[in-house]
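Just so you know, the sequences run in chain order L and C. When the letters of the first sequence are read in order and numbered with this note's numbering, they come out as residues 23 to 252. When the letters of the second sequence are read in order and numbered with this note's numbering, they come out as residues 24 to 494.
Simulated from the structure, these hints should not be mistaken for lab results. Just so you know, these numbers come straight off a predicted model, no measurement behind them. Heads up, some of the hints might be wrong.
Just a few of them, taken from the derived set where beta-carbon distance is under 8 Å, the chain C residues facing chain L [said to hold, decoys possible]:
hint: 1; residue: 38
hint: 2; residue: 60
hint: 3; residue: 62
hint: 4; residue: 280
hint: 5; residue: 282
hint: 6; residue: 288
hint: 7; residue: 316
hint: 8; residue: 318
hint: 9; residue: 338
hint: 10; residue: 340
hint: 11; residue: 345
hint: 12; residue: 346
hint: 13; residue: 377
hint: 14; residue: 378
Beta carbons are placed, not taken as given, at the ideal position from N, Cα and C, and that holds for glycine.
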Amino acid sequence: MSVSETQILTVEDDERIRTAVRLALEEEGWSVDEASTGEEALTSFTRNPADVVLIDIMLPGIDGFEVCRSIRRTSDVPIIMVTARNDTHDVVAGLEAGADDYLTKPFAPKELSARIRALLRRARSSDSGTSRIQINGLVVIPEEGVVLVDEREIHLTRTEFRLLVELASNPGRVLSREDLLQRVWDYDYFGDGRLVDVHVRRLRTKVEIDPAKPRYIITMRGMGYKLQPE
Amino acid sequence: MSKERAPRIFTFGLQARILFSYAVGGLAISLLLAAVTLTFARQQLVDDREASAAAIAVNNASRLSNQLTPESTIEDVPGIVDSLTRIEGAQTIVRLNSSWLPAPEIGVADLPASLVSKITDGSPGQMRSSIDERPHLTIGIPLVAFDADYFEVVNLSDVDDTLNTLQIIVGSAAGFTTFLGALIGLWASRRTLRPLRRVGEAAAAIAGGKLDTRLDDQNDPDLDVLTESFNEMVEALEDRIRRDARFASDVSHELRSPLTTLTSSVAVLEARRNELSERSRTALDLLSIDLARFSRLVEDLLEISRFDGGVAALENSSIKVHSLVSAALRTHHLDSSILIELTPLSDLHVNGDKRRLGRALSNLLTNGIHYGDGITSVSISTEDQLVRIAVEDEGPGVPITERSKIFDRFSRGASAGQRGDDTGSGLGLSMVHEDIRLHGGQVWVEDRNDGKSGARFVIELPMTAEGELDL
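This is chain L alone, in the form it adopts within the complex (with noise of 0.2 Å):
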């Protein structure tokens, strides 16, 4: 896939941002989709599926949490919510119906071409090095993009994925926040440490058994996660 190729669905009722964010994002070189209302991205994304996906969380009719997880149902498109507020409950919310990443309102095109370079990069990257690793049950195969879960193979988004072998490429090491915040979003220290908190807890969901008493992902307190290697 080269640049110039990549889709981006931008879902915003409001047409000065969506028009002004599709110029933002047509001067790095991408090809924009718009769509005002939810019903539209999803139409939208049926027919012509996008590489990446940003969401406005306030959306009249079906609202962008809902648009998130329908798209999550059939596919592991990086998504991104963007929110009018900071506020836990939304950012949480966006996180757990699915999206990678947030962005809050007003954010500068820079930031926003940035988090779309870095989630393209993490949807393509499957060059880890490592071939297969193993831990008990737990089986990642990087390159394949594979994970499986006692025999069983087990799907996961992408940015999960990453996540899961940034984790297993490093058994037993103790991972914090910010280092994962840098090795699967690309953020600096003062990225935001529920992205992570979130997506472990998803990612629990689906690798353990008991996501309450989990076996592989173990919570460091104070110092972040890591990998059980036995």
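Got chain L; can you put chain C on it based on the hints?
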């Protein structure tokens, strides 16, 4: 920042005054009762004594008169007197013609002269007087059939003794009553002041930001009025504050959408600035700079409205101080060599909100860069259980009178007006203050330690105790 009060010279508290009133009231009532009791007791005792003594004296006088004959001399009198009825503590003196029969312990000279002359004149009488410094009652009866008088001198000392004993008892009772009054006063004042104290505590809690504080129903018709009006007042206050905060928050939210359009549009123009004329480029630069400033102002106002609405929440985690400071320096493109660690603890942690602490530090750095002619050093040190992060600049410093005001909103200090490229929102330092306060720490500005010109801003935070790490 408390207002100057008029100096208190000598003022008692309400509790002391209530206690004092009860004690004084108790004392006054018991003294009055004691006085009344003693007066009546004295009257009663003395009257009884006088009445019985007078009755016996009259009787004795008539018996003496009957046994006397015109030929009797003073030598005959003791024999008759001995046969008369004795009054307890009384002694008899008799005059016959010009001779006196004195009593064993009392001479004729001891009799009150005015009474003697009255009796001698022929009318009976009685009089109280002091003989040998003891109270006595003298009853005199003239024996009209002879040239003779009969005197009975009654010692009233026992009455006085009884009265003295009574006085001691009543006095003790008065003292005890006063003490009891003081005790009741203490109890009453505590009880009376309890609702007041509760109001005081509630008001302090509200002033401290706990706007949902209310007074409990006291089940007392007198206090319910106070409770109700207090709660209504707080309700109105809370409503007012929340409404103000919500308004600021709503305004900020509403501004976010147009700001997003503006920011994206300006970025497109920036990307194509080569296509613009010189004049358009200048206009674009002005637009860009003030748009950035406007965005920051909106963001800061929104944050301030959270502080004011009491909804600013901490997303706490354990933060390694060194990483935090290093990251803040990187964000501002400052060389890491200006970071001085004055503490041997390499893994110093605080429990806090990374975003807020980072912003506080960042605001101090921005402040130092823009208004302090650049940052010269950032140091980390510890004292007791406190971590201090100090940011020093080489500007003119902050005059002592400006040092607390500088943390007020939209305060631009003494350097106001000297700034051409001011891009700050004017809220930066006030947000540092709020953010650090939220963490239970404090921030202040002082002179640089090395005596050179410049300001030294210090953030002080409680250190995370061992085993208190919280993710």
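Would you check whether residue 62 of chain C satisfies its interface hint, that is, whether its CB is within less than 8 Å of any CB in chain L?
-> violated, 83 Å
Taking the least C-beta to C-beta distance, is residue 377 of chain C closer than 8 Å to chain L?
-> Cβ of residue 377 of chain C sits 7 Å from chain L, so the hint holds.
Status of the residue 282 of chain C interface restraint (C-beta, 8 Å, chain L) | holds, 4 Å
Interface hint for residue 338 of chain C, Cβ within 8 Å of any Cβ on chain L = holds, 7 Å
Under the criterion of a CB-CB separation shorter than 8 Å, is residue 316 of chain C in contact with chain L as hinted?
-> With a closest approach of 13 Å, the residue 316 of chain C hint is violated.
Please verify that hint: residue 60 of chain C, Cβ, nearest Cβ of chain L, below 8 Å or not.
-> violated, 78 Å
Are residue 38 of chain C and chain L close enough, Cβ to Cβ, to be under 8 Å, as the hint says?
-> This interface hint is violated because 47 Å lies over the 8 Å limit.
Go through the hint on residue 280 of chain C and say holds or violated, using the shortest Cβ distance to chain L against 8 Å.
-> Holds. Min distance 6 Å.
Can we keep the residue 345 of chain C interface hint, with Cβ of chain L closer than 8 Å?
-> Hint on residue 345 of chain C: violated, closest Cβ of chain L at ~11 Å, above 8 Å.
Is the shortest C-beta separation between residue 288 of chain C and chain L less than 8 Å?
-> holds, 5 Å
Hold the hint about residue 346 of chain C up to the distance rule: shortest CB distance to chain L must be less than 8 Å.
-> holds, 6 Å
Restraint check, 8 Å cut-off on beta carbons, for residue 378 of chain C near chain L = Given a least distance of 7 Å, the restraint on residue 378 of chain C holds.
When each numbered hint is compared with the structure, violations occur for hints 1, 2, 3, 7 and 11.
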